[in-house]
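Undergrad: Here the protein sequences come in this chain order: Y and R. Each residue of the first sequence is one higher than the one before, starting from 11 at the first, in our numbering. Each residue of the second sequence is one higher than the one before, starting from 160 at the first, in our numbering.
To be clear, the hints were calculated from the coordinates, so they are not data collected in a lab. A virtual CB, placed ideally from N, CA and C, is assigned to each residue, including glycine. Treat the hints loosely; a few may be bogus.
[Said to hold, decoys possible] No more than 27 Å apart at the CA atoms, straight line, and that leaves these computed lysine-lysine pairs for BS3-like: (1) R:K240 <-> Y:K391; (2) R:K635 <-> R:K585; (3) R:K240 <-> Y:K367; (4) Y:K388 <-> R:K240; (5) Y:K291 <-> Y:K270; (6) R:K607 <-> R:K630; (7) Y:K364 <-> R:K240; (8) R:K447 <-> R:K178.
[Claimed, not checked] Covered by chain R, according to a simulated footprint, are these stretches of chain Y (three or more residues, beta-carbon under 8 Å): (9) 94-105; (10) 375-385.
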Amino acid sequence: MTVDVFREFRIRDYHERLRKKELSVGELLEAFLGRIQNVDTQIRAFLSLNEEARAQARELQENVPEGVFPPLWGIPIAIKDNICTENLPTTCGSRILENFVAPYDATVIEKLKKAGAIILGKTNMDEFAMGSSTENSAFGPTRNPFDLRRVPGGSSGGSAAALAALEAPLALGSDTGGSVRQPASFCGVVGLRPTYGRVSRYGLVSFASSLDQIGPMARNVEDCITLFEVISGSDDRDSTCAPYPPFSRQDIPPEREIRKMKVGVPREYFASGVDEAIVKKVQEILDLLEREGLECVEVSLPHTDCALEAYYIVAPAEASSNLARYDGVLYGLRGEGSTLQEMYFQTRTRGFGKEVKRRIILGTYSLSSGYYDDYYLKGMKVRTLVRRDFEEALEMCHFLITPVSPCFPFFLGERTASPYQMYLADVFTIPSAMAGIPGISMNCGYVDGLPVGLQILSGPFKEGWLFGLALFLEKALSLVSPFPRLPERS
Amino acid sequence: MAEFYVTIGLEVHCQLLTKSKMFCRCGTDYIGKAPNTLVCPVCMGLPGSLPVLNTRALELAIKTALALRCEILSQVVFHRKNYFYPDLPKGYQISQYNFPIGINGEVKFFSQGVQKSVRIKRVHVEEDAGKLVHEGPGLPPNSSGVDFNRCGIPLVEIVTEPDLHSPEEARDYLVMLRSMVRYIGASDGNMEEGSLRCDANISVSPSLQELGTKVEVKNMNSFRSVFRALCYEIERQRTILEKGGTVIQETRHWDEREGVTVAARGKEEAEDYRYFPDPDLLPISIEKEQLQEIEKTLPELPLERKERFMMEYELTEGEAGVLTQEKDTADFFEACLKEFHKPRLICNWMLTEVLKNLNELNIAISESKVTPEALVELIRMVDKKEISGTIAKGILEEMFATGGRVREIIARKGISFITSERELEKIAREAIEKNPQSVADYLSGKEKALHFLIGQVMKMTRGQADPEMVKNLLLKELSSGE
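If we strip away everything but chain Y, and leave its shape as in the complex, we get (with noise of 0.2 Å):
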């Protein structure tokens, strides 16, 4: 069997086949390790493979529920290389991790597991989830299954890719300015930020502890909510997890309500810089909800601008401290050193890349004493007004409407000469982010066969109308989910 079948498949689609036997879990997963096979020679979205993920699926297989299949039972799932799997590699994308294998669960693989869910493998990343396009990963860069010598985006470009490639129908990504909407939007997948604290960071490496959110990534609407029910709610292991129950689909408004609420379009977000193919395809969209009778507004995040510089004092700042861990005593790579520091220095010096080290470098600055004020505490203030911005806005409107990133898939190498337009690919996903507020990143069409994303963003713990607008545009626009020609290994 091969995964062509499953182009257009939902989960409730594969629960029915294994409910009326015409298929097995372990055909399942053969289908997909098949095409793992077939084709990450070319995309390179796995950075290591579940050598349980058969057994699991004899043991699935030989214990088919009578009732309700829990929701994810039997589906395969890639989960990105920087949360933590037993018994599994969690490498970052970092040679400091090559061979870190973590001795627990994070909180989510937990839950997936409880759900049925079968691992298929970690999912290349950039190194510590710092980079928007996936070559930043010590192991090689992963390729947009849309074009070979273009990126998938980044940080989570493993995961979008092996989505849009079919090499998985379900994934997990990580947030922290962008990362898992922009190479959602890159390849032509669902890919929702969660509020912050919506779901437990516990097992989640750390980049940026304010803003780090995993996020369910899916080749449909439907499958990512699925994904949410299962992942997201309240956990004791992680003191900034909000204290509320998983999401419920439930709270997902009826399509007659969605059509009554109102769309608010921030200026800043079409301004120039912008690829003006992309805002046309956004526009459109627009005009598709006013003409179904969705009311949209203009509205003004004015903080925009400095939202991008403000990201990249606080994250940074985290990131150095977060990453103090990495020093060849505990685990990971070790330096070779005659003096303890001789060893730290040998140890980071190898283990790290130019854009950890760069980051790292750029955090301990702005956290040291006669910089802090001028930098950290600067940042800080600028995010406050930045989450401001969105409350204000969002007090006129049930969504913001934009395109996730002001740029089409970029070529492979085209902006590593430069970190600055490097970070420039995120400008869209980063305010968000430091608002802390949920958005989701959905296809709505391709120009020269590269997927355009649209960015749907919404107020704290409304994921309910991000999903249910997310529903409506997805039937409205009759999209399909994404299939691209790629060359198989004879």
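Starting from the known structure of chain Y, arrange chain R on it as the hints suggest.
TA: What follows is chain R alone, placed relative to chain Y:
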């Protein structure tokens, strides 16, 4: 010799008496445990792990700050103190910075009979680090290991203003502080086991107006070593100044064996810890009601209790001081008084015989087998002259050894006591009659003869009479016989 002024400030760390660590659920009972057996991903700082505050640690820290008469800040914020060291698995310590638990406190204590006061600058909570191990099973030569059992145990840090002016004052403050944290159940304050640690800042100046150069002394593992290290350091700085030299601002380590302080190795540039609020932990508001609840659990503190003992029971400062230094001792004393309200008598027994027995057994009063009721029973018998003091001391020893009650011991040992004075009178008379020579000797002025007579009575009673009583009876008989 010119006069020099000594200024000392102390920084004390106490391990808080919580069952689990500060940010995870690992136990805290690490003494004697094999290395790295009380650890988990959180206290080992493994990638992806996150801290969750043990609220008991916060309560104990607030209780400590309240006992030290601090103002309690309305918001608790945890900061990260960033530095690299192998015993610090995250590369930062979760501590507090500009929002500590308490500020502006005060501790009163007695030093050499005079009441003193030291201002408390701040009280904050933080997590303990692991411990480097340089030898042990499985450790190759010339290498070091890290034991993380201690890592993550909650500590309260208590920083004084530079208000202490002699090693004696520093020691007496420490004794009071230890007493206080033990009273409130915040810490067991054991310096030898490292649950109370003390660093000192010392400066010596020829002028009262100006402070000298501050030197930090670390690595003092007992009250005695704090005292010795301070004496040494003051002398060292004084000698330098007298020779016209300058004291260098530095950190020095106390070498217990050599009895000297040694300059710490390494660069002396001020370290930048890059403090910033820990984004993994949200700020916590301390509500007034919560503070009141904690305040209610505060017991009477050592100094108040001592003053009350002096007033209420008419004890001297020294007596009250010893009785109130440990809460258990003071509780024991007052439990005795409840049974038998003779403070003077009970105090004498406690400070001599009870303490002696405890010291010999090397146990705390809480560990002893003698209850206040049992002690009072014994003292009552002595007071009624049913047994002699000497005998009572022997019985008390037996009580400490076996936990038996006084009457049970008497019954078991078959000791019958000469209880009635009349009976003893008879025996005394008998002794006088049997030894006319000694009576004559005594009457002619030979004091020794009286001792012989006492000895005879004791012999006749098989040592079970009170020698003091025998002496008095003999004197009475001898004088009436004249």
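Undergrad: None of the hints should be skipped; say for each whether it holds.
TA: Going through the hints against the structure:
1. Annotation: proposed proximity of K240 of chain R to K391 of chain Y holds, straight-line Cα distance about 22 Å (limit 27 Å).
2. For the hint linking K635 of chain R to K585 of chain R, the alpha-carbon distance of about 12 Å falls within 27 Å, and the restraint holds.
3. Restraint check for K240 of chain R and K367 of chain Y: satisfied, since their Cα atoms lie roughly 20 Å apart, inside the 27 Å limit.
4. Taking the CA atoms of K388 of chain Y and K240 of chain R, the gap is about 20 Å. The hint holds against a cut of 27 Å.
5. Restraint check: the Cα-Cα separation between K291 of chain Y and K270 of chain Y comes to about 23 Å, which is no more than 27 Å; the hinted pair holds.
6. The straight-line distance between the Cα atoms of K607 of chain R and K630 of chain R is roughly 12 Å, inside the 27 Å bound, and the hint therefore holds.
7. Restraint check for K364 of chain Y and K240 of chain R: satisfied, since their Cα atoms lie roughly 25 Å apart, inside the 27 Å limit.
8. With a C-alpha separation of about 26 Å, the suggested pairing of K447 of chain R with K178 of chain R holds against the 27 Å cut-off.
9. Coverage of the segment 94-105 of chain Y by chain R holds. Counting CB-CB distances below 8 Å, 3 residues qualify, and the rule asks for three or more.
10. Coverage of the segment 375-385 of chain Y by chain R holds in this model, with 4 residues showing a Cβ closer than 8 Å to a Cβ of that chain against a need of three.
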